[in-house]
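Protein sequences, first through last, are from chains Z and W.
The numbering used here applies: residue 1 is where the first sequence begins, and numbers increase by one.
The numbering used here applies: residue 1 is where the second sequence begins, and numbers increase by one.
Derived from the structure by calculation, the hints contain no laboratory data.
Mixed in with the good hints there might be a few duds.
[Claimed, not checked] Capping the alpha-carbon separation at 30 Å, the derived lysine-lysine pairs in DSS-like fashion look like this:
1) Lys18/W - Lys57/W
2) Lys66/Z - Lys18/W
3) Lys57/W - Lys98/Z
[What the hints assert, rightly or not] Which chain W residues stay away from chain Z? Per the calculated CB distances, all over 12 Å, these:
4) Val12
5) Ser22
6) Gln37
7) Ser49
8) Asp59
9) Lys65
10) Leu83
[What the hints assert, rightly or not] Derived contacts from chain W toward chain Z, CB cut-off under 7 Å, selection only:
11) Asp38
12) Gly42
13) Leu43
14) Leu45
15) Pro61
16) Tyr64
17) Tyr100
18) Phe105
19) Pro107
20) Thr112
Here a beta-carbon is modelled for each residue, glycine too, at the ideal position from N, C-alpha and C.
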Amino acid sequence: GDQVEQSPSALSLHEGTGSALRCNFTTTMRAVQWFQQNSRGSLINLFYLASGTKENGRLKSTFNSKESYSTLHIRDAQLEDSGTYFCAAERYGSSGNKLIFGIGTLLSVKP
Amino acid sequence: EAAVTQSPRSKVAVTGGKVTLSCHQTNNHDYMYWYRQDTGHGLRLIHYSYVADSTEKGDIPDGYKASRPSQENFSLILELASLSQTAVYFCASRKGGLNYAEQFFGPGTRLTVL
């Protein structure tokens, strides 16, 4: 079954506003990565977390392995933040440090 | 900065034909991966490799082979391409020997099988 449940599937924001994306995990994960897929299709690394919270500019991410979730907060959204955001997690006990991806959140930032 | 390149960037293949997708990394990473992305979905793992001359099956290996002739190069081979293999394929690399390390992705190869 699905191990990474990502929500919402789509999100529309006006410039300057913010919101949160969330991933829930149905099994214990050891680490999570967040990516932005831009209009050209490239995957841009945003965060890698084994625990706790990281912040980079207008983005902040938290990973709580014990409670099986991760969040990505976007504040003061800009037009260039538009794209699809993916979380991907490494499951404990899996070989190869393989990533299991969520289905993505399509973010549209409007003027 | 990590560097993973893929070739070709796009390809049109005929059903039943052989397709080889190539990936090259200059990160000096031990681990390499092949994922596919179908329209409107996340990525799924096809094959991966810990070290040169060795490959492992991922979650969806059927219809694909992989080859890792050197640390830098990792190929994905479709011996008999099928319509269902139309997708975007991503290669990634990761530093080995660490419990925690992020994966770095290439730009993707768009494959269309007709």
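Tested hints:
1. Lys18/W - Lys57/W: holds (20 Å)
2. Lys66/Z - Lys18/W: violated (46 Å)
3. Lys57/W - Lys98/Z: holds (11 Å)
4. Val12: It holds; Val12/W is separated from chain Z by about 17 Å at its closest Cβ, greater than 12 Å.
5. Ser22: holds (18 Å)
6. Gln37: Contrary to the label, Gln37/W does not stay out of reach of chain Z, its closest Cβ about 9 Å off (not over 12 Å).
7. Ser49: Its Cβ does come within 12 Å of chain Z, the nearest being 9 Å, so this is violated.
8. Asp59: Non-interface label fails for Asp59/W: nearest chain Z Cβ at 8 Å, not farther than 12 Å.
9. Lys65: Label holds. Min Cβ-Cβ 17 Å, cutoff 12 Å.
10. Leu83: Non-interface label on Leu83/W holds, nearest chain Z Cβ at 21 Å vs cutoff 12 Å.
11. Asp38: violated (11 Å)
12. Gly42: holds (3 Å)
13. Leu43: holds (5 Å)
14. Leu45: holds (5 Å)
15. Pro61: Violated. Min distance 12 Å.
16. Tyr64: Hint violated; Tyr64/W Cβ to chain Z Cβ min 15 Å, cut 7 Å.
17. Tyr100: Hint holds; Tyr100/W Cβ to chain Z Cβ min 5 Å, cut 7 Å.
18. Phe105: holds (4 Å)
19. Pro107: holds (5 Å)
20. Thr112: violated (14 Å)
Checked against the numbered hints above, the structure violates hints 2, 6, 7, 8, 11, 15, 16, 20; every other hint is satisfied.
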